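The chain contents come next:
2 protein chains.
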Amino acid sequence: MTIGSLAEATQTRVETVRWYEKVGLLPPPARSSGNYRLYGPEHLRRLSFIRRGRALGFTVEQIRDLLALADDRDRSCGEVDTIARAHLAHVERKLADLTRLASELREVIGQCGCGSVSDCRIIEALSPLGEPA
Amino acid sequence: MTIGSLAEATQTRVETVRWYEKVGLLPPPARSSGNYRLYGPEHLRRLSFIRRGRALGFTVEQIRDLLALADDRDRSCGEVDTIARAHLAHVERKLADLTRLASELREVIGQCGCGSVSDCRIIEALSPLGEPA
DNA sequence: ATGCACCCTGTAGTCACTACAGGGTCAAGG
DNA sequence: CCTTGACCCTGTAGTGACTACAGGGTGCAT
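As they're listed, the protein sequences go chains A and B.
For what it's worth, this note's numbering labels the leading residue of the first sequence as 52, then goes sequentially.
For what it's worth, this note's numbering labels the leading residue of the second sequence as 52, then goes sequentially.
It is worth saying that the hints were derived from the structure and are not from the lab.
Fair warning: there could be bad hints in the mix.
What the hints assert, rightly or not - Once the Cα atoms are required to be at most 25 Å apart in a straight line, the calculated SDA-like pairs of lysine to any residue come out as:
| id | chain 1 | residue 1 | chain 2 | residue 2 |
| --- | --- | --- | --- | --- |
| 1 | B | 145 | A | 162 |
| 2 | B | 145 | A | 154 |
| 3 | A | 145 | B | 99 |
| 4 | B | 145 | B | 167 |
| 5 | A | 145 | B | 163 |
| 6 | B | 145 | A | 108 |
| 7 | A | 145 | B | 145 |
| 8 | B | 145 | A | 55 |
| 9 | B | 145 | B | 166 |
| 10 | A | 145 | B | 73 |
| 11 | B | 73 | A | 178 |
| 12 | A | 145 | A | 170 |
| 13 | A | 145 | A | 127 |
| 14 | A | 73 | A | 115 |
| 15 | A | 145 | B | 161 |
| 16 | B | 145 | A | 143 |
| 17 | A | 73 | A | 108 |
| 18 | B | 145 | A | 150 |
| 19 | B | 145 | A | 147 |
| 20 | A | 145 | B | 170 |
| 21 | B | 145 | A | 73 |
| 22 | A | 145 | B | 108 |
Stated by the list, open to error - Looking from chain A toward chain B, a few residues come up when the C-beta cut is under 8 Å (computed):
| id | residue |
| --- | --- |
| 23 | 55 |
| 24 | 65 |
| 25 | 69 |
| 26 | 105 |
| 27 | 111 |
| 28 | 113 |
| 29 | 115 |
| 30 | 117 |
| 31 | 131 |
| 32 | 139 |
| 33 | 162 |
| 34 | 167 |
| 35 | 168 |
| 36 | 169 |
What the hints assert, rightly or not - Label pairs and their computed distance ranges (CB to CB):
| id | chain 1 | residue 1 | chain 2 | residue 2 | range |
| --- | --- | --- | --- | --- | --- |
| 37 | B | 140 | A | 79 | 50 to 56 Å |
| 38 | B | 103 | A | 93 | 49 to 55 Å |
| 39 | B | 78 | A | 126 | 32 to 38 Å |
| 40 | B | 162 | A | 81 | 55 to 61 Å |
Please read all numbers here as calculations on a predicted model, not as lab measurements.
Glycine included, each C-beta is placed from N, C-alpha and C at the ideal position.
Could you put the whole structure together from the sequences, leaning on the hints where they help?
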């Protein structure tokens, strides 16, 4: 399968597939006589894994680690669990930040009477002093 | 005030202050005889505005727009409101994504019995086929 | 033989900084 | 007077995870 069909099968951009190869996430595939990349089912599996990991918000580095662990099937699952839990903690921190941020924004927006900028509550909320000179 | 005290007063890194100047968010200040940047209260106000905006998650481009609007005090507040509402919508979309993501992660992690990798539910959840060859 | 979709490499751009390298300035202490 | 150390300067390159070309080659159908 060519890079185009692999990309389509995994909802990935062609450039991204080449980039995964360059940074070592995806092994270099065989080449056709015309120098086209030719992928097999193992590549499809690996790229699907990568994309699913990215969709779950794992970094490329974490996915690199997860792939190495996944290849070593007799190993204990503990390290996988550790990576996943660390990531969940990270996501939960971000979630808390965003929740606070959204409520601050809602409050600021709610106060805007949409008059002139000189008494705009949104601008005021951003300004350090209530009414700058 | 020197760049160091301005940075400290606004909880900003010195490099970041210089960067805001380079990209035109902060006007170039006067210089001392030894070529040090010398800031006044107007710079402090403007940088505080920028930092507060960033803390609320506005992009630098949005802050540039907000600053231009804030400078034009007779103008209607409508554009400010539009920017803020667009940003809130963006934050809420992100929040929804992260919420879904966190629950997916919790589910995956909850299923891990921490045995060997070969029957790790986390790896399985990432793999496209239940049990790759 | 020509058009077109697809592929190749390599480089530069995105965003909002951050991290140096390699210097200059300034005030205090010896 | 000299040195030490904290601060400042410019300029460039790096971060993460791609994205967007430029400038060319390949493969297939008409």
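Consistency of beta-carbon spacing, residue 81 (chain A) to residue 162 (chain B), with hint 55 to 61 Å: violated (36 Å)
Beta-carbon spacing of residue 103 (chain B) to residue 93 (chain A) - inside the hinted bounds 49 to 55 Å or not: Because 51 Å falls inside the window, the suggested range holds.
25 Å Cα cutoff - pair residue 145 (chain A), residue 127 (chain A): It is violated: about 29 Å lies between the C-alpha atoms, which goes past 25 Å.
Pair hint residue 145 (chain A) and residue 73 (chain B), alpha-carbon separation not exceeding 25 Å: Status violated; Cα separation ~30 Å.
Whether the CB-CB distance between residue 78 (chain B) and residue 126 (chain A) falls inside 32 to 38 Å: Given a distance of about 58 Å, which is not inside 32 to 38 Å, the answer is violated.
Restraint status (C-alpha distance of residue 73 (chain B) to residue 178 (chain A) at most 25 Å): Since the Cα atoms of residue 73 (chain B) and residue 178 (chain A) sit roughly 22 Å apart, the hinted pair holds (cutoff 25 Å).
Straight-line alpha-carbon gap residue 145 (chain B) to residue 162 (chain A), limit 25 Å: Holds, at about 23 Å.
Distance restraint between residue 145 (chain B) and residue 154 (chain A), which requires alpha-carbon spacing of 25 Å or less: Given that 25 Å is the threshold and the Cα spacing comes to 14 Å, the pair holds.
Restraint status (C-alpha distance of residue 145 (chain B) to residue 166 (chain B) at most 25 Å): Not satisfied, since the Cα-Cα distance of roughly 34 Å exceeds 25 Å.
Status of the hint placing residue 162 (chain A) at chain B (closest C-beta pair under 8 Å): violated (11 Å)
Hint validity - residue 117 (chain A) Cβ closer than 8 Å to any chain B Cβ: holds (7 Å)
Restraint check for residue 145 (chain A) with residue 163 (chain B), where alpha carbons must lie at most 25 Å apart: holds (24 Å)
Hints 4, 8, 9, 10, 12, 13, 20, 21, 23, 24, 25, 26, 27, 28, 29, 33, 37, 39, 40 from the list above are not met by this structure, while the remaining hints are.
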